[in-house]
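J.: Can you build the whole structure from these sequences, using the hints too?
End of the sequence shown sits at 254 in the numbering used here; the numbers just go up one at a time, nothing left out.
Treat each hint with caution, since some may be false.
What the hints assert, rightly or not - Beta-carbon label-pair distances, calculated as ranges:
id: 1; residue 1: Phe112; residue 2: Leu5; range: 40 to 46 Å
id: 2; residue 1: Asp4; residue 2: Leu151; range: 36 to 42 Å
id: 3; residue 1: Thr248; residue 2: Ser6; range: 22 to 28 Å
id: 4; residue 1: Pro43; residue 2: Gly221; range: 26 to 32 Å
id: 5; residue 1: Val144; residue 2: Pro98; range: 27 to 33 Å
id: 6; residue 1: Val37; residue 2: Ala74; range: 36 to 42 Å
id: 7; residue 1: Arg228; residue 2: Pro42; range: 34 to 40 Å
The hints are simulated quantities; they were obtained by calculation from the structure and are not laboratory data.
Built from N, CA and C at the ideal position, the CB exists for glycine as well.
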Amino acid sequence: MNPGDLSDVLLVLVAGLGAGLLISTIGVASLVSFPVLVAVGLPPVVANASNTVGLVPAGLSGSFGYREELRENPAATLRVLLVCMVGAAGGAWLLLLLPPGVFEVVVPWLILFTCLLVGVQPWLAGWLRRRQGPDAAPREEMGPVTTVFATLTGVYGGYFGAGSGVMMVAVLGLGTDLELRVVNGLKTLAILASNVVATAVFLVFADLDWTAIGLLAAGSVGGGYVGARVGRRLRPTVFRVLVVLGGVTAAVLLM
Numbered sequence: 000m001n002p003g004d005l006s007d008v009l010l011v012l013v014a015g016l017g018a019g020l021l022i023s024t025i026g027v028a029s030l031v032s033f034p035v036l037v038a039v040g041l042p043p044v045v046a047n048a049s050n051t052v053g054l055v056p057a058g059l060s061g062s063f064g065y066r067e068e069l070r071e072n073p074a075a076t077l078r079v080l081l082v083c084m085v086g087a088a089g090g091a092w093l094l095l096l097l098p099p100g101v102f103e104v105v106v107p108w109l110i111l112f113t114c115l116l117v118g119v120q121p122w123l124a125g126w127l128r129r130r131q132g133p134d135a136a137p138r139e140e141m142g143p144v145t146t147v148f149a150t151l152t153g154v155y156g157g158y159f160g161a162g163s164g165v166m167m168v169a170v171l172g173l174g175t176d177l178e179l180r181v182v183n184g185l186k187t188l189a190i191l192a193s194n195v196v197a198t199a200v201f202l203v204f205a206d207l208d209w210t211a212i213g214l215l216a217a218g219s220v221g222g223g224y225v226g227a228r229v230g231r232r233l234r235p236t237v238f239r240v241l242v243v244l245g246g247v248t249a250a251v252l253l254m
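T.: Written out as C-alpha cells, the structure is:
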C-alpha cells in the first residue's frame with residue numbers, strides 16, 4: 000500500500016480497530032481487515048499474510064482482557080493453545096504451498112455450517128447432557144474428538160482465518176460445558192495462537208506489507224482489549240446471535 004495516501008492510512012487504521020473489536024467478541028476480524036487490505040492495493044496472498052501478522056497485537060490484548068476467564072480452566076487454556084499452534088503451523092504452510100483461492104468454494108459453506116452449530120448449540124448441548132444421564136459431571140476438559148476439531152480449526156486459522164473464531168466457538172460450545180464467557184476467552188486465545196505461529200512462518204517465507212501491518216497493529220491492539228471487556232459481559236443469547244450474524248455475513252461476502 001501507499002503510505003503517502005492519507006485516506007488509505009486512515010482506512011487501514013480504522014479497519015485494525017474494528018478487527019480488534021471483532022476478534023475479542025464474535026471472532027470474524029478478517030471480515031473487516033482483509034477486504035480493506037485488498038481494496039488499498041495488496042495482492043490477496045500478501046493481504047492475507049499481512050493481515051495475520053498485523054492482528055497479533057489484537058489477540059494479545061484481547062487474551063489479556065480475558066485473563067480471568069482463561070485462569071478459570073488452565074487445562075482447557077493450555078490444550079487450546081497447544082492444538083491451535085500445531086494446527087496453525089500446518090495451515091500457514093498450506094497457504095504458501097497451495098494455489099491461491101483453492102478453498103474459495105468450500106470456505107463460505109464451512110462458515111455457514113459452523114454458524115448453524117453455534118445457533119443450535121443450546122439444544123444440542125442439552126440433548127447430549129440428557130444422553131449422558133443426570134449424574135454425569137460437567138465436561139470441563141476437551142475430549143479427543145473436541146481436540147481433533149480444535150486442531151483442524153487451528154489449521155484453518157493458519158491458512159485463512161476468516162470465521163475461525165466462529166468455528167472455535169462451535170467446537171468448544173458442543174465439546175465442553177464451559178460457560179460462554181470462558182469459551183469466548185478461549186476462542187480469542189485460539190485466534191492469537193494461530194496468528195502467532197502463522198506469523199513465524201510468514202516472517203521467513205511470505206511477502207509482507209509492513210506499512211499495512213503497522214497500521215493494523217496500531218488500531219487492533221486497543222480494539223482487542225476493549226472487545227474483551229464487552230465480550231465477557233454479553234448475554235449468551237446476544238452473543239450467539241452476533242456470532243451467527245457475523246459468520247453469515249462473512250460467508251456471503253466470501254461467496
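J.: Now look at each hint and say whether the structure bears it out.
T.: Structure-based check of all given hints:
The beta-carbon spacing between Phe112 and Leu5, approximately 41 Å, falls within the hinted interval of 40 to 46 Å. The beta-carbon spacing between Asp4 and Leu151, approximately 39 Å, falls within the hinted interval of 36 to 42 Å. A hinted range of 22 to 28 Å holds for the C-beta pair Thr248 and Ser6, which are about 24 Å apart. For the pair Pro43 and Gly221, the beta carbons lie near 27 Å from each other, so the given range of 26 to 32 Å is met.
For Val144 and Pro98, the hinted distance range of 27 to 33 Å is satisfied, since their beta carbons lie about 31 Å from each other. Distance hint for Val37 and Ala74: a CB-CB separation of about 40 Å, consistent with the stated range 36 to 42 Å. With their beta carbons about 36 Å apart, Arg228 and Pro42 fall inside the hinted range of 34 to 40 Å.
The structure fails none of the hints (numbered hints given earlier).
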